[in-house]
Every structure is written in structure tokens, then in C-alpha cells.
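*Asks:* Going down the list, the protein sequences come from chains V and L. Quick note on our numbering: the first sequence kicks off at 1 and runs consecutively. Quick note on our numbering: the second sequence kicks off at 1 and runs consecutively.
Hints were generated in silico from the structure; no laboratory data involved. This one's a predicted model, so the numbers in the text were calculated from it and none came from an experiment. C-beta: ideal position from N, C-alpha, C; glycine also. Be aware that a few hints might be false.
In silico EDC-like pairs for lysine to aspartate or glutamate, Cα to Cα no more than 16 Å straight-line [stated by the list, open to error]:
no. : chain 1 : residue 1 : chain 2 : residue 2
1   : V       : LYS160    : V       : ASP91
2   : V       : LYS147    : V       : ASP204
3   : V       : LYS85     : V       : ASP54
4   : L       : LYS29     : V       : ASP110
5   : V       : LYS45     : L       : ASP38
6   : V       : LYS200    : V       : ASP143
Only part of the chain L face toward chain V is listed, based on derived beta-carbon distances under 7 Å [as the list claims (entries may be wrong)]:
no. : residue
7   : GLY35
8   : PHE36
9   : GLY61
10  : ARG104
11  : ASN109
12  : ALA110
13  : ILE113
14  : PRO125
15  : ASP129
Spelled out, the chains give:
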Amino acid sequence: MEDGGANLDERDAGRDRPLDLGWLRESRAEWGVKATPSRIGLTLKDIAVGSYGDIPDHPPRRTMAPRGSDIPDQVPDMGYTINDKAEVWSDNVMELYEEAVSRQWSATRDIPWGELAPLDPDLEHAMCQLATVLSEVEMVAADFPAKWLWRINHDFVEAKMFLCTQAMDEARHTEVFRKRALANGGGMGRATAIVEQFLKVILDAQSYDEGSALMHLLGEGLVLSLFRAGETIAPSEVEKRIFRLCMQDEARHVSYGTMHLRYRLQRDPSLAEDFHSYLDRGEELIGVLLSTPEVAEPATILAAGSLEAASELGSAATDVLRVQSIEEYLQRCDRAGLDRRGRIRLPDDMIAGTSAAPPPTPAVAADVVGART
Amino acid sequence: MSAGTGLLPDFPSSAWFDALVGDVDRRRKEYERLGFADCRFAVEVVDDRGTCRWFGLVLDGYDIISEGELDRLEPFAPDVVLSGPHAAWTEMVANIVRHGGADRAHTLNALSIAGFPLSARSPDPVGRDKFYRYAETLQTLFDSAGRAVPVAGGH
Ligand SMILES: [Fe+2]
Ligand SMILES: [Fe+2]
Chain V
1 MEDGGANLDE RDAGRDRPLD LGWLRESRAE WGVKATPSRI GLTLKDIAVG SYGDIPDHPP
61 RRTMAPRGSD IPDQVPDMGY TINDKAEVWS DNVMELYEEA VSRQWSATRD IPWGELAPLD
121 PDLEHAMCQL ATVLSEVEMV AADFPAKWLW RINHDFVEAK MFLCTQAMDE ARHTEVFRKR
181 ALANGGGMGR ATAIVEQFLK VILDAQSYDE GSALMHLLGE GLVLSLFRAG ETIAPSEVEK
241 RIFRLCMQDE ARHVSYGTMH LRYRLQRDPS LAEDFHSYLD RGEELIGVLL STPEVAEPAT
301 ILAAGSLEAA SELGSAATDV LRVQSIEEYL QRCDRAGLDR RGRIRLPDDM IAGTSAAPPP
361 TPAVAADVVG ART
Chain L
1 MSAGTGLLPD FPSSAWFDAL VGDVDRRRKE YERLGFADCR FAVEVVDDRG TCRWFGLVLD
61 GYDIISEGEL DRLEPFAPDV VLSGPHAAWT EMVANIVRHG GADRAHTLNA LSIAGFPLSA
121 RSPDPVGRDK FYRYAETLQT LFDSAGRAVP VAGGH
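Let the sequences and hints guide you as you build the complete structure.
*Replies:* So, in C-alpha cells, the structure goes:
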């Protein structure tokens with residue numbers, strides 16, 4: 001008699017057996033293997049001992065049965081579609097999971113909300129609009145891994161666990177920026193179609209490869225730079241702490257994305273062109289997104305310190321941030337094994353001053369030389 | 001003399017970093033709340049003639065170890081080096097001492113975001129990103145300089 005794949009006759013027969021764990025004697029489990037805790041406790045790396053530390057490149061089954069357990073033939077196929085380790089793995093995924101669990105924080109408890117003071121209305125508007133955009137984009141970085149989680153083979157459970165921590169991190173980021181928008185009288189600002197379009201491209205990605213490159217490497221890399229800058233553009237200690245705590249989390253996600261892509265490309269360099277084309281499209285969208293007033297103006301006003309100063313300085317107020325964030329993105333691409341400098345699709349004014357800027361044309365170069373002499 | 005007793009040794013010196021690390025045990029609960037860290041972090045202080053002095057810190061779980069002044073940087077194998085001129089470092093230390101912790105313009109992150117006056121460098125961007133992953137832990141450590149009475153810290 002079958003019931004959802006389980007053999008119920010076997011279950012009935014089991015009632016006559018002595019209660020002595022006899023059925024476990026045939027088990028291939030590694031009796032005697034004992035993981036030793038390290039100084040910070042018993043980590044995933046500590047329990048990666050004996051055969052339990054062997055993560056197959058191509059698991060033979062698609063089951064939720066724990067890696068290393070004895071698995072009967074009758075287990076149902078769970079329908080996983082990501083069954084190659086290289087599709088999700090990164091060499092730092094175990095340490096990143098442990099770090100994520102250890103470095104959680106609370107948007108309710110750890111932000112000094114009581115210190116929020118009334119701000120100049122322009123700065124409050126700018127801060128609330130930035131918080132609106134961030135509250136909008138953060139959740140996609142939970143939705144995307146959540147969409148793919150159930151498709152990932154359970155033998156890569158450490159990678160799945162890391163993605164769960166990312167979903168929790170992003171929930172907190174969404175929470176903290178929503179709270180900031182509502183905590184000081186400004187309220188929610190304006191959403192934009194271009195931001196939604198970029199999020200949709202990530203969410204609708206045809207493969208984990210595509211979505212991960214767009215999100216972990218490109219999108220989160222730029223958000224990480226924004227969080228870094230946030231500490232200096234923050235109008236008060238409250239936002240400063242928000243940005244710094246978010247920055248720590250975001251850097252974990254970006255570290256995973258960088259090392260995951262590296263792992264992927266090392267095992268299959270022929271995929272490089274695919275990844276280039278994902279990033280081509282992503283950069284084109286990001287280029288438009290970053291120029292949108294709803295996104296660009298708040299950061300410029302906060303960086304300049306006032307509406308008047310921002311009007312005077314214009315984009316110069318955020319030039320340093322722009323150059324730094326694009327350089328860091330290019331360096332991460334390099335580390336992953338992709339040189340984007342020759343084919344970056346961000347607009348020229350956005351890459352000016354970076355190592356991806358095109359060399360000056362002969363006419364321009366001659367002008368510069370002429371001007372110097 | 002160690003942080004918390006009233007005076008800090010001169011910056012930069014092995015004793016100054018030892019004093020910060022000496023404060024970690026007294027702030028154990030704060031560090032445990034921040035979570036563990038894993039990073040080999042080097043401070044590079046460049047004088048007017050371009051001569052560098054290096055100091056090594058190892059973030060290991062909830063512990064921080066001061067490796068003191070380094071003869072050479074390479075054997076320490078830092079994940080990330082935070083570098084800047086002597087004047088920028090001492091201004092930062094003076095600011096921490098004055099305010100009991102860095103103000104918004106003088107945190108390690110704020111001073112390095114533009115690549116000047118401080119800059120975070122690493123041959124590996126994932127190593128450099130550790131500077132961001134552990135920003136709160138590193139800042140808590142450096143802010144310990146503000147827990148001592150400001151006499152020698154701002155030299
Ligand atoms: Fe985030
Ligand atoms: Fe993220």
C-alpha cells in the first residue's frame with residue numbers, strides 16, 4: 001500500500017519488530033565521528049568532518065534527507081532544479097552564515113530612536129525619500145533568494161541557510177528604513193517605475209545565475225557603497241547607526257555574491273559571456289535608475305547638507321561616492337573573474353574619473369595638451 | 001598605562017593599541033552583542049617623508065589581539081590595511097578623545113570613504129569588504145580611546 005511514496009506495509013511490519021534500533025545496524029553513518037567545537041562554539045566548519053564535510057558537486061538525489069544520512073530508495077524526488085553545487089556555492093558561505101547569525105541586530109532596540117530631533121524640512125524630505133527608495137529595494141533581496149530556495153538541492157544546505165539569513169537581514173533593512181521614514185514627521189516619499197523595473201528584472205531572472213549577478217554583485221554592491229556614504233551624509237546619529245549596521249549586513253551579501261560568481265566561473269569559464277550580458281542589461285537599468293530625481297536628489301541634498309548647497313554643488317556633491325562605488329564594483333567583478341572595464345554599460349558621465357572611463361579621443365587629448373602648454 | 005586609567009600612551013605606538021585591546025575585556029558584553037569577527041587588520045601611519053609604520057590587530061571571534069608594531073607588513077598578511085598620513089590619524093584620535101568616541105566626520109568609515117585622508121586597501125576586495133563587515137566592532141575598539149581622560153591621546 002502506497003501513501004505519498006511511503007510504504008505503509010513496511011510500517012505495519014515494523015510493529016512486530018523488537019524495539020532495539022536493529023534497523024540502524026545496517027546504517028552507513030560514521031559512528032565515532034565527533035566534531036570538536038572551536039573557541040566561538042560549534043560552527044558549520046567544525047561539523048564538516050569525515051564524509052559529512054564532503055559536499056557533492058552533483059548530488060545523486062533530490063531529497064530533503066540530510067546529507068550523510070542513510071537514504072532509502074523510495075524517497076520522493078523533490079523536484080529541485082539547482083543540482084550543481086557551482087550554481088549556488090561559494091567558499092566563504094559557511095563562515096558568512098555563522099557571521100550573519102552572530103551579528104544580527106534589532107531595528108527596534110539597537111537604533112537610538114529617542115535621539116531623533118526635528119530636522120530642517122528639506123533634509124527631512126530628502127532623508128524620507130531616501131528611506132522610501134531603500135525600503136522599496138531592500139525586500140527584493142529577500143524575495144529573490146526566497147523564490148529560489150526551494151529549488152536548491154538540499155545537499156547544499158549551508159548555502160540555503162546563508163540565503164535564509166540574507167532574507168532576515170533584508171527584512172530588517174526594509175523595516176529600519178520604513179521606521180525612519182515614519183519616525184520624524186516626514187513620512188513616505190515617492191516610488192518610481194524605473195526602480196520597480198530593476199527589481200522586476202531581478203525577480204523575473206530566468207536563472208539563479210542571472211538574478212544573483214544582478215542582485216548580489218551589481219545592486220547590492222552599489223547599495224553597500226550608499227550605506228558606507230550614509231554615515232557621512234546622515235543628518236543625525238540615528239541615521240548614522242542605521243547605515244553602519246546595514247552596511248555590515250550588506251557587505252556579507254556582496255562577499256557571498258563575489259565569491260559565488262568566482263566559484264561558478266572557475267568551474268565553467270564558458271559562462272563568462274552569459275554573466276557579461278546579464279550585467280550589460282543590469283547596468284543599463286541602473287544607469288537610468290541612479291539618474292532619477294527620486295533617487296539622485298535626496299543623496300545629493302544630504303551630502304551637500306542643504307538644498308542651497310546641493311543646488312550650487314550639483315552632482316559634485318556625490319562625485320566621490322560615485323567614483324568609489326563604481327571602482328569597488330569593478331574590483332569585485334575582477335575578483336569574480338569578469339573584467340567589466342571594456343564593456344561597462346553605465347553612462348559616460350557616471351563612469352567619468354573611474355578606471356572604466358574611455359581613454360580620451362585624440363582630439364580631446366590634443367586639446368588637453370594644448371591647454372597645458 | 002592602559003585605557004580607562006586616565007592616560008593613553010602616545011599615538012602611534014604598540015602601547016596605544018595594547019591599551020585599546022586592554023579595554024576589550026571591560027566591554028565584553030558590547031563586543032558579544034556585536035557578534036564575532038574574523039579579520040587581520042593593519043593600521044598604516046605615513047609620516048611627512050612618506051615613511052610608514054604599521055600596527056597589526058587580529059579580530060578573532062570575540063577577542064581582539066594586538067600584534068603591536070610590525071617590522072614589515074607582508075608577513076602579517078592583512079585582510080585589509082587602513083592607511084593615512086600621521087596628521088589624519090592623530091586628528092582622528094584627538095576627536096575620539098574630545099568627544100568620548102568619534103563624531104560623524106571622524107569614524108574610520110567616514111575618514112576613508114573618499115579614499116582620503118584615510119584609505120582602505122587590499123589586494124582582494126573581499127578582504128577589503130571585511131572592513132565594512134566589521135565596521136561596528138572596529139569603531140567600538142577605536143572609540144575606547146575616548147574612554148580615557150584626554151591627555152596624551154591627541155598627541
Ligand atoms: Fe539590504
Ligand atoms: Fe543585501
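*Asks:* Hint by hint, say whether it matches the structure.
*Replies:* Each hint tested on the structure:
Between LYS160/V and ASP91/V, the direct Cα distance comes to roughly 14 Å. Compliance with the 16 Å bound is thereby established for this hinted pair. As the CA atoms of LYS147/V and ASP204/V are separated by approximately 10 Å, the hinted pair is consistent with the 16 Å bound. A threshold of 16 Å between alpha carbons decides the hint, and for LYS85/V with ASP54/V the separation of about 11 Å falls inside it, so the pair holds. For the hint pairing LYS29/L with ASP110/V, the CA-to-CA distance comes to about 14 Å; that is within 16 Å, so the pair holds.
Proximity of LYS45/V to ASP38/L is assessed by CA-CA distance (about 14 Å); at most 16 Å being required, the pair is judged to hold. For the hint pairing LYS200/V with ASP143/V, the CA-to-CA distance comes to about 11 Å; that is within 16 Å, so the pair holds. The closest approach between the C-beta of GLY35/L and any C-beta of chain V is roughly 3 Å, which is under the 7 Å cut-off, so the hint is satisfied. The beta carbon of PHE36/L is positioned within 7 Å of a beta carbon in chain V (closest approach about 5 Å), and the interface hint is therefore held.
Using the Cβ-Cβ criterion of 7 Å, the hint placing GLY61/L at the interface with chain V is satisfied: the shortest such distance is roughly 4 Å. Annotation: ARG104/L was flagged as interfacial toward chain V, and the flag holds, the nearest CB pair being 6 Å apart, inside 7 Å. For ASN109/L, the shortest C-beta to C-beta distance to chain V is roughly 5 Å, which falls under 7 Å, so the interface hint holds. A distance limit of 7 Å between C-beta atoms decides the matter here; for ALA110/L the minimum to chain V is near 5 Å, and the interface restraint holds.
Interface hint at ILE113/L: satisfied, since its Cβ lies 5 Å from the closest Cβ of chain V, which is below the 7 Å cut-off. At a threshold of 7 Å, the smallest CB-CB gap from PRO125/L to chain V is about 4 Å, leaving the interface hint in force. Hint on ASP129/L holds. Least Cβ distance to chain V is approximately 5 Å, under the 7 Å limit.
Comparing the model with each earlier hint shows no violations; every hint is respected.
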